[in-house]
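*Asks:* The lines below spell out each chain.
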Amino acid sequence: MKILFAITAAAISTVAAQGTLFVGTWPHTIVVVDEAKQKVVDHIELQTGVSHSMQISDDYKTIYASTIEKNGIEVIDVATRKVTNAFVLDEGGKKMRFSAWAPDPSGKLIYMIVRPIDKKIDRFEVGKTQFAVVDLAQKKIVKFVDMPGGEDAATGGGRGGSLRFSPDGKYLYRMGGAITIYDTSDFKVVDTIELSQPQFPGMQTVNLSQQLDGLQEPGMLVSLFNSSDPVIHKQIFGIARFDLDKRTFHFTPIGPAVPSMQGLHITPDRKTGYTVTTSGTPGNKRSEFWVIDVPTGKVIRTQEFDGRARYTFGMSSTGKDLYIYGAGYDVEVFDPVTLKLRSTIDLQADQTTGMIVVPGK
Amino acid sequence: MKHLRAVNHKARRIEEQIENDVVALQGPPAAGQRPHVPMGCAIVFSPGWEVDSSGGTAGLCQPVERDLYDCYISCYWPAQVPDHMNNYPDWTAKCAAATKDWRNVDLVFP
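Top line first, the protein sequences correspond to chains R and C. All the letters of the first sequence, read from the start, carry residue numbers 1 to 361 under my numbering. All the letters of the second sequence, read from the start, carry residue numbers 1 to 110 under my numbering.
A couple of the hints might just be wrong.
[Unchecked claim] Taking lysine-lysine and the PhoX-like style, the derived pairs with C-alpha atoms no more than 20 angstroms apart in a straight line are:
1. R:K108 to R:K37
2. R:K39 to C:K100
3. C:K100 to R:K94
4. C:K10 to R:K119
5. R:K37 to R:K70
6. R:K128 to C:K100
7. R:K320 to R:K37
8. R:K37 to R:K94
9. R:K39 to R:K320
10. R:K170 to R:K70
11. C:K10 to R:K120
These aren't lab readings, by the way, just hints derived from the structure by calculation. Quick caveat, the model's predicted, so the values are computed rather than measured.
Here chain R stands alone, though its shape is the one from the complex:
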C-alpha cells in the first residue's frame, strides 16, 4: 500500500542536542531532568497544588500545568523554569472540574471542557458539561458555552486532553469518536469528520489513540488508530496523521491489532517509530516494544520487556532513549537498538503527570 507519510521540512533536526524532561511529581513539584546527564537538575514548585496534567506551547517556550485540588492552572516559563502565573478556578464550595483542555496559540486563553460541582450541605450537585474559556490575564473563566449538540457530545475528553487548535487559533478540534471542529469565536460547529466513514477499502470503524505522539510536527497530529473491516471484523492498527490546517486525514494500516497499545513515538529523522503493546490479564500481562519502519509501514521488530503494572511510554528528544515511567518514582531508560534496560533515572518523588520532552538547541 502506498505510504502516505509526507516528510515535512519542519521535521526536527537529526543532529539535535539532547533536551530536557519535565515531569510532575508529588507533592506539588515539577522535576527537571537533563537528558544527557539523566539526572534531576532542577525543581519547580507549583503554587496551587498537585499537578495532574501538563501541556507545552508549539514553540516549546511555555508549559501549562493543571493542578487538581482546586482546579488550578499554572504557567511555567521553560527558559527560566519559573512559574509566571498561577490561579485556581474553584470559588468557595463551587468546584470547576475540567477534563480536556488546551492553551490557544496566542498563549492568552485556555479552552476547556468543564463540569461545575456545587457543594451543598449534604451532597454535591453536578452541573452540566460546558465549554469554558479561561483568560490567563484575568485569572478566571470569562465565558461558558453549552456544548453544541448537548452534553452527550462531550464524551471523548479523557485525561491528558483531546482538544487542539488550528495553527491560526480560529478553530478548535475536539477528538472523540469523531473530530468536531468549532469556530473559536462563537463555538458553532463548522465541520465534523466522522471517523466511521471509510477512508480506504475495507475500513469500517476508526478509533484514535488517546495518547498522541510526543514529537508532533507543527499543525499535525500523529496517532495510532484501530480499525475493523465490515465483513469478518478483523481488527487492524495503523498510523493516522491529521492535518489541523487542511483538515485532511491520512491512514497507514500496519497489522493486526493487539488489546492495548501505548502512544506512537517517531524518531526525529521520521524513519523509525516505537510503540508499546500489552496483552494478557492483569496478573499475566505481557509488555512488548514494537519497532515500526515508517517508510514501509511494517513492524520490523518486537521485544518483550519487564513492564510494571501501570506505566506510560515515552521517547527522548533525540530518539536515542526510550522511557517507561509512571506509577512510582523512577524512569526506566531503554536502548532503542537492543530494546534492553540501560539505566534508571531516580526522580526522588512519585510521578503525577505525563512527561514533557523539550528538545535541545
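Here the structure of chain R is known, so what remains is to put chain C in place on it, guided by the hints.
*Replies:* Frame of chain R, contents of chain C only:
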C-alpha cells in the same frame, strides 16, 4: 451490599449507580461477568487495600505503594485511602516517594 439499606439522599443516589453486587475476591467471575468495583475513595472495604480490574491483586503495582497517589489524588481507582479531594489534603504531604517514604504517611482519624 444486599443487606444495606439507603437511608438518605446521598446513599440512594449511590444505590442507583450500583447495578451489580460487589464480587472482588469471592472467586473467579462467571463467564461474561466482570467484577463490579464501585468508583470512589474508601468505599471498598473488601478485600483490603485495592483490587485490580479482574477482582484480584496480581495485577496491582509492585509494591502497592507505587500506586498510592493515583488512588489518593484522582480517585481514579478505588482503594482504601483517605479522601484527598475533600477531607485529607495533607495525608502524604511529608512523603514524596511512597515506596521509600511510606513511614512518613500521616495518620488520619475519620
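*Asks:* Could you run down the list of hints and mark each one as holding or not?
*Replies:* Checked hints:
1. R:K108 to R:K37: The hint is violated at about 34 angstroms.
2. R:K39 to C:K100: Between K39 (chain R) and K100 (chain C) the Cα gap is close to 18 angstroms, so the pair holds against 20 angstroms.
3. C:K100 to R:K94: violated, 36 angstroms
4. C:K10 to R:K119: Holds, at about 12 angstroms.
5. R:K37 to R:K70: violated, 35 angstroms
6. R:K128 to C:K100: The hint is violated at about 41 angstroms.
7. R:K320 to R:K37: Answer holds: K320 (chain R) to K37 (chain R) is near 13 angstroms, not above 20 angstroms.
8. R:K37 to R:K94: violated, 44 angstroms
9. R:K39 to R:K320: holds, 16 angstroms
10. R:K170 to R:K70: Since the Cα atoms of K170 (chain R) and K70 (chain R) sit roughly 30 angstroms apart, the hinted pair is violated (cutoff 20 angstroms).
11. C:K10 to R:K120: Distance of about 11 angstroms is within 20 angstroms: holds.
The structure shown violates the earlier hints numbered 1, 3, 5, 6, 8 and 10.
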